[in-house]
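Protein chains in written order, with UniProt numbering: chain A, 1 to 267; chain B, 1 to 267; chain C, 1 to 267; chain D, 1 to 267.
Keep in mind the hints are simulated off the structure, nothing from the lab.
Some hints here could point you the wrong way.
[Unchecked claim] Heads up, simulated DSBU-like pairs for lysine-lysine below, C-alpha to C-alpha not over 35 angstroms straight-line: (1) Lys145(D) with Lys138(B); (2) Lys138(A) with Lys119(D); (3) Lys117(B) with Lys160(A); (4) Lys250(B) with Lys145(D); (5) Lys251(C) with Lys160(C); (6) Lys250(D) with Lys250(A); (7) Lys119(A) with Lys145(D); (8) Lys4(C) with Lys160(C); (9) Lys145(B) with Lys119(B); (10) Lys117(B) with Lys250(B); (11) Lys145(D) with Lys251(A); (12) Lys138(B) with Lys117(B); (13) Lys170(C) with Lys145(B).
Number of protein chains: 4
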Amino acid sequence: MTTKIRVAVAGAAGRMGKEVVKMVLEDAELELAAAINRSGEGTDAGTLVGLPACGIKVQSDLELALVESKAQVLVDFTTPQFAYKNTELAIRLGVAPVVGTTGFTPEQIEDLDKQCKSKGIGGLIAPNFSIGAILMMKFAAQAAKHFPNLEIIEYHGDQKLDAPSGTAVKTAELIAQNREELRQGNPNEEETIDGARGGYYNGFRIHSVRLPGVFAQQEVIFGGFGQTLKIRHDSYERAGYMPGVALAVKKVMEYQGMVYGFEHFID
Amino acid sequence: MTTKIRVAVAGAAGRMGKEVVKMVLEDAELELAAAINRSGEGTDAGTLVGLPACGIKVQSDLELALVESKAQVLVDFTTPQFAYKNTELAIRLGVAPVVGTTGFTPEQIEDLDKQCKSKGIGGLIAPNFSIGAILMMKFAAQAAKHFPNLEIIEYHGDQKLDAPSGTAVKTAELIAQNREELRQGNPNEEETIDGARGGYYNGFRIHSVRLPGVFAQQEVIFGGFGQTLKIRHDSYERAGYMPGVALAVKKVMEYQGMVYGFEHFID
Amino acid sequence: MTTKIRVAVAGAAGRMGKEVVKMVLEDAELELAAAINRSGEGTDAGTLVGLPACGIKVQSDLELALVESKAQVLVDFTTPQFAYKNTELAIRLGVAPVVGTTGFTPEQIEDLDKQCKSKGIGGLIAPNFSIGAILMMKFAAQAAKHFPNLEIIEYHGDQKLDAPSGTAVKTAELIAQNREELRQGNPNEEETIDGARGGYYNGFRIHSVRLPGVFAQQEVIFGGFGQTLKIRHDSYERAGYMPGVALAVKKVMEYQGMVYGFEHFID
Amino acid sequence: MTTKIRVAVAGAAGRMGKEVVKMVLEDAELELAAAINRSGEGTDAGTLVGLPACGIKVQSDLELALVESKAQVLVDFTTPQFAYKNTELAIRLGVAPVVGTTGFTPEQIEDLDKQCKSKGIGGLIAPNFSIGAILMMKFAAQAAKHFPNLEIIEYHGDQKLDAPSGTAVKTAELIAQNREELRQGNPNEEETIDGARGGYYNGFRIHSVRLPGVFAQQEVIFGGFGQTLKIRHDSYERAGYMPGVALAVKKVMEYQGMVYGFEHFID
């Protein structure tokens, strides 16, 4: 019989944190060791997420929680201002950090990498835990070697502020690494309505669709002589990231040093 | 037994004209009466289109051809500079014109309408003979009454000069007639790459994708609370317009006056 | 200023009922008059659905609730065993019923129609309140007149018991009414794996995909010479039905007699 | 300056053979050395495919053609009954074979492999030269490691005899190698129309759509918690296979031994 991995969750009462608590409670290989949140101290973590009480109460002191609970992994979905400090603390206590918060500088990541290595533990910082999105990006980058003509269309809810999405830009960067710059299309092309041809990146185009009812979708279309290849990922809800977080928690135990990007955990 | 409709084809050696000749020769309800083209006189029209010889030779004099052949319908896929004259001539001879050439002014159309009516015959001028494209436009216009949030994505070959396509603009106009102007999206939306959000039309967006291997495709996406409705037309080749031309030739016999737009022939 | 429509909700604590209560509380043209449920009496209806308290308590006696609240419309998402009785009661009290429960016999519907008419009120019984799904069915039926070759692909969650879905069968029936029976495909076609060609209906095929992560999606694909036309509806969550219920509540006030099928409320 | 690769084409007057001749004439790195066909001897190969005359006449004796032309590669799109003999002959003459004909037994392939190796040349036998289709299969097999729930939908013209298509079966086999058998769906699932759930393969389902206007398309859909990943390949015409044949001709020069399956030439 394998022992369960003991997981602490920081930011447990936030939107993502709640999903993580729920996932840990329902995953047979994981055990909720501690739930940390600035507010809501004393609430049962199970009750907090709409499940039966589980006996683990929300705590506000992260250090105390990690020490007392003998947590092996800390999943942190707090905010950029707290994440760095939390991560350093976890490493110091020998707890492997899995961080879903963005905003770390390259220097910070390098520093955390050294700390992890000196403690002999692994860690992960990842802006995106969606296995499907990671595969879409990987496949798109591979396909670009064979099909240099491509466009990206991404779909998000109509209240999103920025266009294109972070995932679209990340996909575009990965594609650009696998494809020599090529200005696609007719050199004399004209837009009769400005912007119809989308945003220009490295010779190809990115189109951002914004509609109510859509959560997050992206399609990369490759066009060749007599054929098109499409790779599409549709994300329907926040809970869709949880299988990725579960996988990360299990895999981080096998690593040494701080890994940046969940794609490194996926074959 | 019904008599076949006698069809003359002007511009018979052009790309569309050849498809029309082929279609007429293969349609059991139609009979090729004459094939007219400026060059290539004397070639058998069947041979011209890769079918067995049919006994109809290409002629260069339209008037002579229409009179001698007793044609009932003239299908004209010539060029804007000839189409008007050809159409007037056909009407004068009592031959119903079905014209696939663009570039007529509203005044010309009105004039041709009067001429048709005084001769008691029907006529059709249509920029698009694709039944599927017409249905896509009709359905999109209807859906817009219920789903005011929408975007149009159109796909064409990578050498196309203009963006958006004529069909996309026509679709947008029809939608705008069925929908009060509404500026979609977040008012504070920002493009980090110019043009990512596409071309603006009446509050919604049009995206033009250009890729090798694509002939002509268009999707209209409607987003509502918890749902999306998509209407998509994929056109794979020029021959795909022929069922529409065949239908037009048959239906024009039942009309009086000049109709503008093939959509009026479709329920 | 227009007066708000006073709406009572039966089955208020059920999955659909809760969504209805929420929708009524958030729609500026509607007012929650009463919330009826067999259990949970005394709970505030707002609290029940995760909104601020609204002052309307859940009641268990439908007759009392309708009389005291002066409701104008009763939305009923209970179960087949209660829906008929509830609907009769509502009509007797002059309250227009909007019923989302299935299982009424044609005789019952006819009977309820007479009762509505004698009271001078309207009513609606509808198995599906999704505006997008209704439009998909309407468009598919129209398109079938022009494109007799088609197939239906429907997608639902992997735990769904029956295949094809009710919506797919309804769509197929509507299409069959607009299309002469035509056995599509090669007459000598062979399946090397049984069932690969899908379910046979009136000469065309229905394919049922079942995958985790999918809520309810359907695509009707029409194939013609050189082209395909696709009409697709993706439903992401139960809440997606609410704009339809809201529309039904507003429109039922203009009708006399019992209408069967929400499509009759959509142009 | 690199020397052009000298290519002979067997079956040059067939549907695929003509496309190959055209491709070779238009590819700057390739040179048409010989065109072989049982009938049509003496016709210029350029004229045969609708291009200007190229000075290479169709010949009927393969051995003579290969010897005289000093061909380096033989592209063979003949029929199973001739392909084996042709391939042996090519190898004996030191000409690398690229074979698009199916029907070789495993023993024959092994034998040809030995012959290639003893001559120090490479060879390729491939049922499918579509780069896009190969990538679709590769990506699908990789994705199946992470998403064990999937279905395949393939689309072909309505006169196709067999269902599912060879490509769908090949894809299914590759997926099965990367995924433990898992019976998807609800164990109590019921088909109210036989075959609605598609063909069963290793626990997942294959659906075959047959519609006029479609050439060859396939989509593999993976469903996970809150997300779907789709990999789709649309093939519009026979010419779409030519970039793959061109790549094969160039790559075969770098190999030793007979390779089975074009996927081995693609990274």
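Against the structure, the hints:
Restraint check: the Cα-Cα separation between Lys145(D) and Lys138(B) comes to about 43 angstroms, which exceeds 35 angstroms; the hinted pair is violated. Of the pairs offered as hints, the one joining Lys138(A) and Lys119(D) is violated, with about 39 angstroms between alpha carbons and a cut-off of 35 angstroms exceeded. With a C-alpha separation of about 55 angstroms, the suggested pair Lys117(B) and Lys160(A) falls outside the 35 angstroms cut-off, and the hint is violated. Between Lys250(B) and Lys145(D) the CA atoms are separated by roughly 56 angstroms; this puts the pair beyond 35 angstroms, and the hint is violated.
In summary, the hint linking Lys251(C) to Lys160(C) is supported, as the alpha carbons are separated by about 32 angstroms, within the 35 angstroms threshold. Proposed proximity of Lys250(D) and Lys250(A) is contradicted: the alpha carbons are some 45 angstroms apart, above 35 angstroms. For the proposed pair Lys119(A) and Lys145(D), the alpha carbon gap of about 32 angstroms is at most 35 angstroms, so the pair holds. A hinted pair counts as satisfied when its Cα atoms are at most 35 angstroms apart, and Lys4(C) with Lys160(C) does not qualify at roughly 39 angstroms.
A distance of roughly 40 angstroms separates the Cα atoms of Lys145(B) and Lys119(B); the hinted pair therefore is violated under the 35 angstroms criterion. Taken as a hint, the Lys117(B) and Lys250(B) pair is honoured in the structure, with Cα atoms around 18 angstroms apart against an allowance of 35 angstroms. Taking the CA atoms of Lys145(D) and Lys251(A), the gap is near 15 angstroms; set against the 35 angstroms cutoff, the hint holds. Taken as a hint, the Lys138(B) and Lys117(B) pair is honoured in the structure, with Cα atoms around 28 angstroms apart against an allowance of 35 angstroms.
Of the pairs offered as hints, the one joining Lys170(C) and Lys145(B) holds, with about 23 angstroms between alpha carbons and a cut-off of 35 angstroms not exceeded.
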